[in-house]
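Trainee: The task is simple: from the sequences and hints, build the whole structure.
Order-wise, the sequence lines are chains A and B. With positions in the first sequence counted from 1, the corresponding number in the working numbering is that position plus 12. With positions in the second sequence counted from 1, the corresponding number in the working numbering is that position plus 12.
Calculated directly from the structure, the hints in this document are not laboratory data.
Pairwise CB distance ranges, derived in the manner of DEER restraints:
1. A:Ala413 <-> B:Arg80: 52 to 60 Å
2. A:Lys151 <-> B:Ala391: 47 to 55 Å
3. A:Asn400 <-> B:Glu111: 54 to 62 Å
4. B:Ala347 <-> A:Gly163: 48 to 56 Å
5. A:Asn394 <-> B:Thr117: 39 to 47 Å
Just so it is clear, CB atoms sit at the ideal spot from N, CA and C, and this is done for glycine as well.
Each chain, written out:
There are 2 protein chains.
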Amino acid sequence: MLSKTSLLGAAIFFAFSAQAADTLSAQDLQAAAALRDAARTGNLSYQILESLTTEVGPRMAGGPNDARAVAWAEAKLKALGFDKVWKEPVTFPKWVRGEETAEITAPFPQPLHITSLGMSVGTPKEGVTGELVRFANLKELVDAPADKVRGKIVFIDHKMENDHDYGKVQAGRSNGASETARKGGIAVIIRSVGTDSHRFPHTGAMRYQPNLPQLPAAAMSNSDADLVARMIARGKPVTLKMTLGGRMEGTATSYNVIGEMTGSEKPDEYVLIGGHLDSWDLGTGAVDDGAGVAITMSAAEMIKRQGLKPKRSIRVIAYANEEQGLIGGRAYYEAHKNELQKIHAAAESDEGQGPILALNSFVVPAALPVVKQMQEVLAPLNVKAGDNNGNPGPDMGILKANGVASFGLTLDGHDYFDLHHTPDDTFDKIEPARINQTAAVYAVFAWMAAQSPVSFGSGTGQLVPPPRPAR
Amino acid sequence: MLSKTSLLGAAIFFAFSAQAADTLSAQDLQAAAALRDAARTGNLSYQILESLTTEVGPRMAGGPNDARAVAWAEAKLKALGFDKVWKEPVTFPKWVRGEETAEITAPFPQPLHITSLGMSVGTPKEGVTGELVRFANLKELVDAPADKVRGKIVFIDHKMENDHDYGKVQAGRSNGASETARKGGIAVIIRSVGTDSHRFPHTGAMRYQPNLPQLPAAAMSNSDADLVARMIARGKPVTLKMTLGGRMEGTATSYNVIGEMTGSEKPDEYVLIGGHLDSWDLGTGAVDDGAGVAITMSAAEMIKRQGLKPKRSIRVIAYANEEQGLIGGRAYYEAHKNELQKIHAAAESDEGQGPILALNSFVVPAALPVVKQMQEVLAPLNVKAGDNNGNPGPDMGILKANGVASFGLTLDGHDYFDLHHTPDDTFDKIEPARINQTAAVYAVFAWMAAQSPVSFGSGTGQLVPPPRPAR
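Mentor: Spelled out as structure tokens, the structure:
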């Protein structure tokens with residue numbers, strides 16, 4: 013029996029069916045609405061994520077569980093009934109964490125809770141000890157005279173107020189070490205890039221600029237940053253001792269794991285959805301980004317379970333090594349850059365469990381009526397219409413930059429950066445209603461994209477991203 | 013100028029002033045109301061706690077900061093203008109934490125976040141490895157046949173639902189190791205005794221029963237317990253490896269630090285308030301129990317600042333070593349047990365920052381009208397009247413048990429066990445409005461108790477606590 017919502021939907025569809033062949037047929041719209049209503053009551057994404065976090069756990073690129081994660085993804089895609097499952101190699105420099113401790117040694121000795129930033133060098137075995145010099149953000153450090161920094165440990169105390177702050181605040185994480193080196197400092201420690209007030213430091217990648225000394229770089233929890241700021245506010249020199257064991261150890265090879273539901277009419281064109289399989293090592297990568305992998309795997313499976321045969325193929329990618337520099341995303345691009353026109357649409361899920369708040373597109377104008385149809389079918393899931401400059405997620409950003417039609421399914425990230433890159437990113441934080449809405453939206457989006465009677469414009473040269481605004 | 017509340021209060025007081033001399037005078041009641049109104053807008057308790065957590069930090073009994081905490085308390089009491097400040101020695105067996113790591117080794121290898129329970133022995137250097145056997149609570153373990161446990165690591169998976177559960181759930185922490193030993197198990201690991209869902213293990217004291225092997229004992233975070241329970245639910249044997257470095261190292265001596273505001277009429281009788289100065293080592297002991305120390309120090313200071321001269325003395329005790337077995341409380345009792353009748357009233361604050369919800373007493377019937385007066389003055393702070401079986405807190409429990417008049421100022425503990433005994437017990441969790449209400453209530457209570465025209469019954473033999481209900 014059709015639900016009231018479906019009947020209302022059906023009325024809309026029949027209105028559309030009078031239109032030209034630049035929109036989905038009434039039959040496809042009805043199928044999309046039925047898929048939506050079936051998918052929203054499913055629990056598969058929750059179950060897949062339970063499996064990944066329980067049976068694999070932390071999945072740092074090149075780390076002890078990387079190969080087990082790849083094996084898990086292959087087995088899961090096969091078990092879910094994908095038509096083809098394969099993997100493509102991704103090779104990268106291997107980083108090892110090692111030990112990480114820090115303490116204030118004067119004037120108020122007490123231990124701190126810290127973690128090394130990813131890719132940071134270690135300290136000498138006996139650690140590094142120095143007076144802290146505090147800056148409110150990276151810009152203050154950049155603007156400071158070198159003699160304020162020389163011989164000291166820089167403390168970048170930039171507090172992240174909400175999830176929209178990430179780009180701005182993580183600049184201190186990425187570049188703090190080199191900016192400290194430029195002024196003769198000896199190490200850097202940042203306030204964690206995170207919105208929580210728990211005693212978890214947040215890790216995350218940093219990088220060294222060429223031709224500058226490589227300094228050890230760590231993050232302390234927000235609670236610790238508050239503590240250290242209070243110490244410094246008393247006006248006496250505050251001394252930190254920090255020992256890090258991070259190091260590079262040759263290279264590692266992991267894999268982008270790919271599952272395909274093969275299309276019935278245009279099997280060589282495909283809708284690309286996915287998440288990244290790697291995580292940082294501190295938690296079990298539930299919201300970052302086991303969720304994205306589970307959401308997109310289940311989205312494709314729900315289409316199949318509903319008995320639908322998409323015209324184009326639907327590919328789910330579980331990307332290798334996003335965390336250390338979008339390396340899996342680049343590898344996929346390099347392997348497929350001569351066939352970008354075959355990537356009909358791209359959308360990665362990498363900001364947690366959802367729900368999805370808005371559907372943004374990045375398509376040619378001729379395809380906007382189809383986008384509008386998607387938005388109408390998704391409206392009952394509380395998905396709003398977005399703009400036409402959608403971002404397809406970190407690993408797929410390189411596809412958009414190279415003219416691939418993209419979709420940005422905006423996730424509710426209000427608590428994402430509470431957990432991001434911490435030990436606290438674990439499965440118990442996942443709420444079925446949230447992740448299952450997200451999976452249902454991905455299912456409807458992927459199905460409707462696959463059925464579109466028009467091209468979204470990939471590889472036509474018509475899709476040129478606007479320049480990013482300066483920060 | 014008197015506030016409206018004060019005028020209303022004054023009206024009540026004058027009604028009382030017609031009564032006999034078994035209640036406080038109208039003048040004293042007016043002073044109590046003025047104290048309440050001045051104290052509720054103060055911020056001293058918040059400032060004292062900021063000082064303790066920032067300048068001393070973690071304060072494990074016998075640990076590296078114990079002596080610095082004692083020096084801080086002496087200096088702070090002097091700076092606050094107490095008439096006398098002294099310390100009384102407290103000697104106890106010294107426990108050292110050492111390393112603590114654990115991992116699931118099969119079938120799903122991944123690290124766990126654990127901590128040793130306080131007073132636990134360590135494992136051999138290479139750790140202890142064994143199959144986990146799960147029990148839903150201590151009673152299930154006690155009731156289990158020995159062959160289910162023999163050679164295994166016991167996992168007590170007792171989830172604490174709310175702050176009223178503590179006594180029941182912590183039985184597994186206290187006695188799990190010995191009950192495991194009784195059945196031939198090799199180690200015990202419990203779900204943390206805590207109400208949070210973050211990845212912090214909660215430490216806390218355990219003890220060994222005589223004539224049984226002493227087994228290593230640890231706690232895992234609630235997130236880890238969820239994870240391990242999910243692994244076990246899959247039905248295959250789950251193997252844990254755990255390495256603990258805990259050990260006893262001779263004895264240590266710390267001090268109960270005491271400050272007295274000396275009474276004007278009965279200086280040898282005193283109202284005893286306080287908290288415990290020691291904390292566990294993982295956090296900085298903000299809610300447990302820096303708050304209690306700060307609240308009661310500031311309560312006495314606010315009485316003085318208000319220009320009030322209490323008839324009896326008010327003593328603030330910052331107790332040594334509550335955490336490892338109420339050792340400071342016992343030491344105070346032993347040193348003063350021949351003068352219990354001089355302890356006019358006793359009330360310790362040791363369940364966080366408040367606010368205070370109710371005032372319970374444990375006094376002779378003749379003193380109940382004074383208690384009623386206290387409750388009336390405190391009503392504008394949203395303090396309810398309680399019963400006459402009040403508990404004066406852990407260190408003062410021994411005083412009540414020996415016939416000392418006691419007060420139980422019930423704190424709002426709804427989030428206390430989120431933080432209790434974890435790294436997350438830090439100053440940034442303190443809300444000024446909550447702790448300052450608590451300090452204001454302690455100030456009013458202490459002042460009114462000191463002014464009481466009647467004895468509350470300490471040392472008269474009339475105060476006999478009812479037997480505790482069996483759990």
